[in-house]
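What follows is the residue order along each chain.
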Amino acid sequence: MAKHILSVLVENHAGVLSRVAGLFSRRGFNIDSLAVGVTENPEVSRMTIVVDGDEHTVEQVSKQLNKLIDVIKIKRLDKHESISRELALIKVSANAATRSEIVQLVEIFRAKIVDVSKSTLTIEASGSEDKVTALEDLLKPFGIREVVRTGVIAIERGNRIIKVTNNEESDSNGKDVL
Amino acid sequence: MKMTGAEAIIKALEAENVDTVFGYPGAAISPFYDALLDSGIKHILTRNEQGAAHAANGYARVTGKAGVCVATSGPGATNLITGIANSYMDSVPIIAITGQVRSDMIGTDAFQEADITGATAPFSKHNYLVKKAEELPRIIKEAFHIATTGRPGPVVIDIPVDVQNAVIDFRYPEHIDIKGYKPTIKGHPGQIRKAAAAIHAAKRPVICAGGGLITADASGEMLELAERRSIPVVTTLMGIGSIPSDHPLHFGMVGTHGSQTANYVLHHADLVVILGARVGDRAIGAASTLAKKAKIIHIDIDPAEIGKNIDVTVPVVGDLKHVLRDLLELVETGDSAEWLETAADVRRKNSRKTEREADGGPAGCSTDACGRGAVGMQAADTEYVNPKYLLSILSDYLPEEAVVTTEVGQNQIWAANNYRVRKPKTFITSGGLGTMGYGLPSAIGAKVGRPGSTVVVISGDGSFQMSMQELGTMKQYDIDVKIVLFNNRRLGMVRELQLTRHGGRYSQVFLDSNPDFVALAAAYGFRGERISSDVLVPEALRRMTASRGPYILECMVDPMEPTL
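Those protein sequences? They're chains A and B, same order as listed.
178 is the number that the working numbering gives the last residue of the first sequence; the numbers go up by one with no jumps.
1564 is the number that the working numbering gives the last residue of the second sequence; the numbers go up by one with no jumps.
Keep in mind that the hints were calculated from the coordinates and are not lab data.
We put the CB at the ideal spot given by N, CA and C, even for glycine.
Don't take every hint at face value.
Here are some chain A residues the structure puts well away from chain B; computed CB gaps all over 12 Å [said to hold, decoys possible]: (1) His13; (2) Arg85; (3) Val116; (4) Lys131; (5) Gly143; (6) Ile144.
Sample of chain B residues at the chain A side, in silico, Cβ under 10 Å [as the list claims (entries may be wrong)]: (7) Lys1125; (8) Asn1127; (9) Ile1178; (10) Asp1302.
Full structure from sequences and hints, please.
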């Protein structure tokens, strides 16, 4: 089992998220994370879906997603050819004795303290999923009170973009099912 | 042109050349029904919305056009669901139009409110909740396009009652462009070349013909390919009709309820050419072992079906008619005489075996002799009617283009294995969902779609009673459907399963208090007859097919009659 990132362009209207989510549950696919937001074209939204599964599963996920009329385009992002980021807000217990140690950790991770109280620090951290997870692990001994993570978003490196036009899946016609 | 949303729906249906809709009125769809009065579109009032959905399916399967069914919100819409799911599993284009509560009431659990777009998402090709009346023309145009192109399927259009009443300026779009929907029609030339090479290299090829061939109108191309290389053809349940049953290259239906010969041929091949079939578990059970033994060419319009249930050597995505035509350009004449002889031998052995078993007993057909003029079958004076015998001679009493629909259960498998099908689109059955209660309403839809053809439904006493209220529809519109009702006073398929899997502990399979079906026919003003011996079958079939108007031929069947 490995994690795969799918960048999915969908029509930006009601019901699309439930179609996508429903498809995952009824076909027995596991979503690791799912992030949705509008694109540069207000009629189109992008879903970044992290799928847990083997090659066969991910191929089926892509094909079944492609069958949804509201799904315009799907691209599997290569780990090395794309940049992925996740944002996390982490509320951790802190007192006079532990505060400075936590601040140091936050600096090492180039994260930010965004809220302070007598008993807590709230940290904003962004970066690759691994980096955010590493910070979370290091903060655990201090007592994590709450974690909010956005799920991964990703974009291709260089000048490549995923456009609405030229649906690759239908053009490739069988090539990619090999 | 200014008109209401309801009138716009009618106008759009007219623009899509819809001549008939099947439906059932109610409050949330009442503006549509009011507008319908001023239209030339014929409406068939079924006795339950499920009947409307199945009738639309039957209509679509014999005409190739989209079938249309209409229901009100809430229970009307939910009653359609089985028919929608059935159409989805069998890739049949139907449009289901449902009324919905007023837009501002949606989500309040209003009277007769049900989230039908949510409910049908898993088994509709697409669905719409229409928010603004202005969207109606585009949505209906899109719905018909989506339902009938690519891999066909059901599309649901849910229309709130206020949207039906709103006044709009109607213009039906000529073109539509759906960004996320561009089915692949032409096959990839490189893949087709590989397919041709694999066919040339094969020593023991077999064609597995699925329902997609019939949908794509590509049965002729498939036959040409089979004949050019002398390739044996086996079919799936949905593929029945793609090759005439008595064609020398036809080796029967594969699967758990198919013939031994067909399964032998499939599993001993070195190349399996799967055409428009989704490799369902009932058809090709041991898909993984099959793929280890043989090369697989899989041609389908739906890329998601390729590689889903079986590993494929040569995948080709595209419309079968196009792909097969391109493939035929490359395939040279040749044969694999030895392999064909082996297959024919297996067929001969299997049919002899069943004849021997039948010796002394009632005339028996076999799944292997089946559909081939019923070797050794003759009428005997028996206590019961042998359904396999009746079905094996039924085609003698029917013109070539007669349509036979079936219910689900033993009657379906008896028909699939024994009725001699001569043309595509003349054998209509619920394949994927296995819907009891499908046969009668789908026969009604088939008769409406092809009024010139004789339509016979092969029925069992269990399934028949799931939709027998549709006799009222037949009476109201004088829809001439002949009903062959095999009455074994059992849910026979389940009974058999309980015998083989549960040691004969029969649980809830007894229908001993069936009504008098001949009297039931009479209650509707139909003719009817009950027979309980094979010797009576030929005359009874002659009387039924010669009579005008609906007819129930009730055949008493041995409760222990096996499926195969």
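Does Lys1125 of chain B pass the interface hint, meaning its C-beta sits closer than 10 Å to a C-beta of chain A?
-> OK, holds: Lys1125 of chain B within 10 Å of chain A, min 8 Å.
Asp1302 of chain B as chain A interface residue, shortest Cβ-Cβ below 10 Å = holds, 7 Å
Is it correct that the beta-carbon of Gly143 of chain A has no partner in chain B closer than or equal to 12 Å?
-> holds, 41 Å
Let me know if the C-beta of Asn1127 of chain B comes in closer than 10 Å to any C-beta of chain A, holds or violated.
-> holds, 9 Å
Holds or violated: is the Cβ of Ile1178 of chain B closer than 10 Å to a Cβ in chain A?
-> Where the cut-off is 10 Å and the nearest Cβ of chain A is about 6 Å from Ile1178 of chain B, the hint holds.
Quick one: work out the minimum CB distance from Val116 of chain A to chain B and report holds if it exceeds 12 Å, violated otherwise.
-> The assertion about Val116 of chain A holds, with a minimum of 41 Å to chain B.
Arg85 of chain A non-interfacial with respect to chain B [C-beta, more than 12 Å] | Per Cβ check, Arg85 of chain A is outside 12 Å of chain B; nearest 26 Å; holds.
Test the statement that His13 of chain A is away from the interface with chain B: the closest C-beta pair must be farther apart than 12 Å.
-> Since the minimum Cβ distance to chain B is about 9 Å, His13 of chain A lies within 12 Å and the statement is violated.
Any Cβ of chain B at or closer than 12 Å to Ile144 of chain A, or is the non-interface label fine?
-> holds, 37 Å
Can we trust that Lys131 of chain A is non-interface, i.e. its beta-carbon lies farther than 12 Å from all of chain B?
-> Correct as stated: the minimum Cβ-Cβ distance to chain B is 34 Å, above 12 Å.
Violated hint: 1 only; the structure is consistent with all others.
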